[in-house]
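Colleague: So the chains spell out like this:
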Amino acid sequence: MAEHNLFLLLACLPFATSLILLTLSPNARGASTWLSGLSLVAGLAILAGFLPGIREGDVLRASLEWVPSLGMNLAFRLDGFAWLFTTLVLSIGVLVVIYARYYMSAKDSLPRFYALLMAFTGAMQGILISGNVLGMVVFWELTSFMSFLLIGFWHQGAAARDGARTALIITALGGLCLLTAMLMLGHVAGSHDLGVILRSGDAIRAHPWYGAILALFLLGAFTKSAQFPFHFWLPGAMAAPTPVSAFLHSATMVKAGVFLLVRFSPALGGTEAWFFTVTGIGMVTLILGAAVALYRHDLKGLLAYSTISHLGLITALAGIGGPVAILAAIFHICNHAVFKASLFMAAGIIDHETGTRDMRRLSGLFKPMPITATLAIVAAAAMAGVPLLNGFLSKEMFLAEAVYWHNGTWLDNALPYLAIVGSTLSVAYSLRFIATVFFGPQATNLPKTPHEPPAWMRRPVELLVFICLVVGILPALTLGAIVNIAARSVVGPDLAYYKIAIWHGVNAPLMLSLIALAVGTLIYALSAKAIATGPEGPFLLHRIRGQRIYDWLLFRLTWRLPRLALGLVSTESLQPQLRLLVLTALAVAVASLWGGLSFAPELRLHAFNPAFALLWTVGAACAIGAAWQAKYHRFAALVLLGGAGVVTCLTFAWFSSPDLAVTQLLVEVVTTALLLLGLRWLPKRRSEIPEDKLLPAKIRRSRDLVIAVVGGLGIASIAFAVMSRPVVSNVGDWFLGNAYYEGGGTNVVNVILVDFRAFDTFGEIAVLAIVGLTVYALLRRFRPAPESIEAPDQQTMADSPSVDDYLFVPSVIMVWMFPILIMLSGYFFFRGHDLPGGGFAAGVTLAIGFLIQYIASNVRWVEARITVLPIRWMGFGLLGAVTTGMGAWVFGYPFLTAHARYVNIPLVGQVPAATALLFDIGVFATVVGAVVLMLVAIAHQSLRASRRREQEELAARKEAA
Amino acid sequence: MSPLDSIPLFLAIPVAFFVFLGATLTLIGALGFARLNSFYDRLHAPTLATSWGTASVMIASSLMFSFIDGRAIIHEFVIGACIILTTPVTLMMLGRAALMRDRAERSDALPEEMHIRPRPQDPPAQT
Amino acid sequence: MSRLFPHPVLAVSLIFMWLMLTRFSLGYLILGTVLSLVAGWAYSALHSARPRIRRWSTIPRLGVTLFLDIIRSNIATTRLLLTEGRNGRQSAFIQIPLTVTNANALAVLSIIVTATPGTAWVEYQTDTGILIVHIFDGAEAEHYHEVISNIYEPMLMEIFE
Amino acid sequence: MSGMILTIALGYAQIALALAGCLVGTRILRGPRAQDRVLALDSLYVSVMLLFLVTGMQLGTAFFFEAAMVISIMGFVSSVALAKFLFRGEVIE
Amino acid sequence: MISEHLIIAPILIPFVVGALMLLYDDRQRGAKFWLSLASTAAQLLIAVELVVRAKIGGDIGDAEGMSFYLLGDWPAPFGIVLVLDRLAAMMLVLTALLAIPSLVYARAGWGRQGPHYYSLFQFLLVGLNGAFLTGDLFNLFVFFEILLAASYGLLLHGSGQLRVRAGLHYIAINLAASLLFLIGVSLIYGTTGTLNMAHLANLVASMPGEDRPLLHAAIAILAVAFLVKAGSWPLNFWLPTAYMAAAAPVGAMFAIMTKVGVYAILRLSMLVFGETGGASAGFGSGILIMLGMFTVLFGLLGILASQGLGRMAAHSVLISSGTVLGITGFALAGGGQAMLSGALYYMIGSVLATGALFLLIEPMNREDGGIAAMLALTADAYGIDDADMEEEPDVGLAIPATMAVLGGCFALCVLMLAGLPPLPGFVGKIAMIQPLIAQTALPAGLAWGFVALLILSGLATLIGMARIGIQTFWANDVPLPRVLALEIAPVIAILLILGTISFKAEVMLRYTGGTAHALHDTAAYAYGVFATPRAADRPADEEAQQ
Amino acid sequence: MEIILSAAIGILSASGIWLLLRPRSFQVIIGLCLLSYAVNLFIFSMGRLTPGAPPIMPKGGFVDPTLYADPVPQALVLTAIVISFATTALFLVVMIASRGLTGTDHVDGKERSQ
Ligand code: NA
Ligand code: NA
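Chains as they are written, first to last, in our numbering: chain P, 1 to 961; chain H, 1 to 127; chain X, 1 to 161; chain W, 1 to 93; chain Z, 1 to 546; chain U, 1 to 114.
Because the hints were derived from the structure by calculation, they are not lab data. Wrong hints could be hidden among the right ones.
DMTMM-like mimics (lysine to aspartate or glutamate), calculated; alpha carbons at most 25 Å apart, straight line [unchecked claim]:
id, chain 1, residue 1, chain 2, residue 2
1, Z, K55, P, E65
2, P, K631, U, D108
3, P, K693, U, D108
4, P, K684, U, E111
5, P, K698, U, D108
6, U, K59, P, D834
7, U, K59, H, D69
8, P, K631, U, E111
9, P, K631, H, E105
10, Z, K504, P, E65
11, P, K698, P, E572
12, U, K110, P, E691
13, U, K110, P, E790
14, U, K59, P, D733
15, U, K110, P, E688
16, P, K693, U, E111
17, P, K684, U, D108
18, P, K698, U, E111
19, U, K110, P, D692
20, U, K59, P, E742
21, P, K684, H, D102
Just chain P, with the same shape it has in the complex:
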């Protein structure tokens, strides 16, 4: 149990540290260093505690339930391989922390840097110790994200931003592929537990999805490990602070990909597809990386390509997949981490102390910084594979695998040759590094005068180089055992102990090594001048730059193409959108009805009435006329609309709906007034727009005409199909039967509105109120077009009579109508429950009463005499309706339960008293408020315009005076 908790602690420790670091002040340099370092050391201590068990081949497990139903848990699993790798990560982490303390300048917020670093460490460690593949993906993505932030730590530079973004996109793309692969693996294996998946290799390889899984999986691994053709993000990432490069881009994160390859080789490996892709890509990357590295002028660039090349080597080993190859891969992971981290740190020191990393400028640094130089030379020698250093050992093993391992394919046969090319080039670039930087004449024009760095900045390098040496000389004593354990935990307990030795006798690999050293030296010696003055890449190849292709592709795929595509499939204009809407509705309706629309066998038709038909010829003509005139003769269109409206009213009345006829008429009146009020602000259109006569406009119009006709035909035929069908049994019958007995009213429509379905009405008044408010709010910010501010032409004509003169007689009658309309409003209100009418009709009637007064004189005159507070009316109306509805609660009934009874009043007799009436008062008040608010809000714009004109005139007159 203690072990379990310690294990969880190990997993959480870096994250917790990161959070604490975030709270530190940016100046807490010392504290943050100590905190980070100690946290990592604590992690190492825990790992050390686990060592005895690991030695025994135990697998430590711990798990936190997260989403068990998806098979997604934070399950942790520590075996030899994970232990070794985690230890490596944490150890280098400690050194990087120390190094960064001196490397980062005072301007950088060290706590924030460490916080990111710690979070990254936690994520990296998470990948290594995940026991659940989905959990692994979680950490995997997290490393991509944290590395993005770390690369962009110095985001003032464009290179850092671009590098960070490229790294993020490439690795996240890989991560998503990996996620899919893991989900598929989980489906195939029946579990997302890593152990289960690793044991289901046979099932996986036999599954039809194997190819897809492999492809997606490898995409994940290759992008992370910067394998060709995704290698280019790694050099770009060198814009990061050097500690980040040393940690993420050499020792840890980039190794996550190869970790994955090694880890999953039992499950996915062992097939030709695996071998060809993994080893093939690995070899290409090995050679290509090494070749480019030789030509890079930037110190970190050289190291970055060298890293790519070494990652290729490890990948190739994983592709071979045999027990020894796996062991060699693991071993090389460790070795490369050690020497490459030290090299990066050394490069950082050089950069830090000289101010440049350009190898064409650096020269003869041995003299001013002998210790650093010595350390770097040893580390570079390890990178080149010089005997007695750790790099030599694992490279020997690789060469041995290349020579001795066989599966009979052409690639297998080519392996030794490819390996030797890679090794040779790696010797050459290591040599170039040493020779140009430390030897030759001492550079004079460096930005800073070079000298040794602070001692503690060098300590991590010293330690790492020391390890290079110790491991190189005493491999079996140092790493031999643990590498064996690690390999066994990957390939299985059957693996025989492999003794790593310096001396295997004179054999092919040794000969190859020596050849590589010799040829490499020769190549460098011959081409040193050409390289120093040439482009940053081998012959012809330097023109093909991964980054540039990537940029080109990214630009095309994620910017140009989407914009082009959107331009083609979308529009910002309204007309095409409405056309699409109409067409879609037509399409779905036609699709649903195609071949299925049937008319009743016996059409249910009513006798033809000529009067009705005659009036509809007027109505139809008006509708068509309105459509025809709406562009150039708005006023006419408005009148025509009124004509169509009145015939619609007639239809409602004809077919037994007096309520509808009344309401439609009232609304018609208000709508006409509103539209007229709006007409004032529209541009005058006296002459034809010339474009309207051109062919495209005609085509547009004909097309729309076809759509309109088809749409009209469609809706007409649906209407006819339903109207001529026999009546289906419907809820209306129940309403008819129960309106009087249950709803206490004889006008069923009104009883539905205020009782049976009062909730609809409740919502409807809310809509009215909202629209009123919106209109009001919008118009307070109304700004008329400049040419509309002027008074209309009619008012500016020389001989135009004043409005008071015009309205002198009419206004008298219009004022008389006010009390009449109030009476009428009351009439509609009180009889609504039994006969046509109701709160809505009453409200609109009263609002029309107000409207007439506004028309009869002017805003100022009316408002000096009557004050309507429409928003208050709305507020009271809404509250009245809702409280009436809630009143039912008091009696234990649901909202809006109506209560009707007859009250006997002396002399008067039976008087109906229904709560529905109260509800209707709410409706009435809201309707009055909303309609008046809208009318008045629009009407006030004319007043504002005229007030503005008056002010301007006044100002002009004052100026003149």
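With chain P held as given, fit chains H, X, W, Z and U with the ligands onto it using these hints.
Modeller: Frame of chain P; chains H, X, W, Z and U with the ligands shown alone:
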């Protein structure tokens, strides 16, 4: 059996007459409205409908429903009253709007002397 | 009382209208009265000046004259409309200087003119007091000039001024 | 007998009124001036109102009355608004 | 007794508060804000209580945890019935969770940009909550109109050319869609004689064959109206412009507006065309899947092609809508409950994240000067003679470490929307993909295509957002913006909620799983609606017990 | 009669749709009005046509539902009328606001050629 059959003949004849009269007047008015050439002439046509046209239909309706309901039904006359009240407003305002527009355009629809607004000092002209 | 019923004539007509619309009952009467009160207040808010009717007795006379005139001009106009194109009708504008200036009186006059087919109120100018009426049958111009300025106008002045 | 007389009269009235509506409808369409259209719309309202009353009598129901009344009292409001727009260029100032 | 009426509280509380605030002077914004906040908080509490009730079953009309409320005490299918089931309860909570941060954010400045903001906001909640609760088709129309009307008002809030132009399109399209809605609903009534959804579900299996095409047409037309609201391609071109133009807190609320359309489609299609739909079962599933896919694709392209964050946020709304639409199609085609459960979970997360993103846009793009600059930008030169333009001091304090906080919040939103761990976007996508790839009954091409789109949309989001984020936070030399705590606290709150949703994913998925199950169980829904007793019919002793 | 009404609905819809697809905001608003007439009539027609029998009940006694017009579509139309009135008003105001701010009455706030 339509409700119309229950109306006694002595009532049916006046009802029918008034209905006929009202409808015919309205139709004649509409006919004139469609045929007349000048706006100011057309201004007269609808008044046939709004004066006796409406009135006679009102009377007919009132007679008939008073019989059906067995009590005096006179609410039709509210309609009549309102028509009488409101028609002038429309016609006055339209007529003057038309006059102003015709004056502004110096339209042929107006006789020459109507093109200028009478001024306070002008002696009233007579036609 | 005048606060409660600012316009008694109006109130009574409104109640009458209410009772025409509804059926007569005490309940409706009360309701109608209350409503007419509200309506009266609303009207007086707009029109604080109380229009006063000075001579009630002229009203029936006016009514009868108008009724006959309406019938007469209905017949005349119908005839003209039916024979349109063959009767050589010429329409005309007439200008009638009015002495009545009371707005209510003018409103009633406008109702009279409008209700009488064959005459159309076209323009009334407050500054000149000139009323322009369009006459459907120009031959009757003299007659209508006469009727308006010598019959209706004096009656209206009797009633309102 | 009375039923027949009334049926004929009302049937005739219906058609006559509808025809009247058609005739004024032509003016709504033809104009020629805006004032003609407004006047025509006003007349259409009146025709429809009378048609309501006549149809109500034909069917023996009083339920057409409200609609007719609304036209008689409020039909003029649209016409007035339209007329004022013609005269002033705006409806409420 | 109170608990019985709790179902309707999410509609009535904002209604009452919204109406009440109309009686206040417009300048009493402080009071209005606190009233609104109290109302919204109460809605949240009640919604949570309703979720609990939906989980364990209510005391009235218990049908698998559903509760019913007969408005006006009229029995179904005649009266209108409110139905509280797991889905509705969940949507209520989601609405309230989004509303509170948006409201608080508006307090920092937007609430002052025009009159009656808070009332409109409350009415928007009325519409949303009502749409989620109602069990009646026409009532659904009414609530749609409420929420649309309020959204028109809120979209136009602050005025200005951009907003008004976008508003014109938004309104025109939605008006046209509303007409389609009416045609659809009335056609349903014309062919089946009912408006009650449960009744409709009961009737559809036994419909005569000759009426079935008409019903299909009705629902298809209705669906077009819903699809417009849901932002489905090709009916969604208005959406990015409108959402982008809206004021930040309004944009945040809009994140859930599309989901109302999705909700309606999900609800209605499962009820009518689910397994019990007889000959109509599965109607339209194929087209729904295709539309979902096209919508995701469109959103994906849009995110990549966008230059501004607002437009990107709007397109991510589309992606989330399209995803849920597509999964609805799969579920309708018989894809099972698991993926629907995942989609619902994903929807919760994506709604909240897009909401947070909308709230971030404005502080991120604010060059300097805080609210004052914003006011200056939107104020029109003409007609500021009104009371709503008076200068008020900024409310609240500016936050320290602005860039870090903003950047952190933005990054988390991106992680969520791109479907990267550890936020719910990741969990949700896994919860959808797992059943999609495991499902063999579905056409493999569609399922895999959908999976690919899900993954690619995440990548596109990442690419697009990273581009913008880098530009804003890394490549910008402008002085540090002044951001108020009141503006950033809501974002942080939403992110915390997102974290919790992710952390408690198992609980959430169990809930959404139950929801998906209930959605498939049409019979329980219909039974519950009809079995609900009227208050008047309840025996006296039972009433005494309550 | 059913044929006349169907044709009327069709013509109103066609005119409305045509206007809806026009570029000027006033055309669109007139189109929306015509469409809402059409839709209101459509809803109304879904209850089938019943001339001369409004759903107004006698006070008491047995009611034969088949004799009366279906009240439900009427109630729906009433609500629809109110709502479409409100939204038309809103659209109108947005239309004039847009005209004021953009200087044009084109629905896109700019002329096509621009
Ligand atoms: Na006359
Ligand atoms: Na019926």
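Colleague: Hint numbers the structure violates, sorted upward?
Modeller: none
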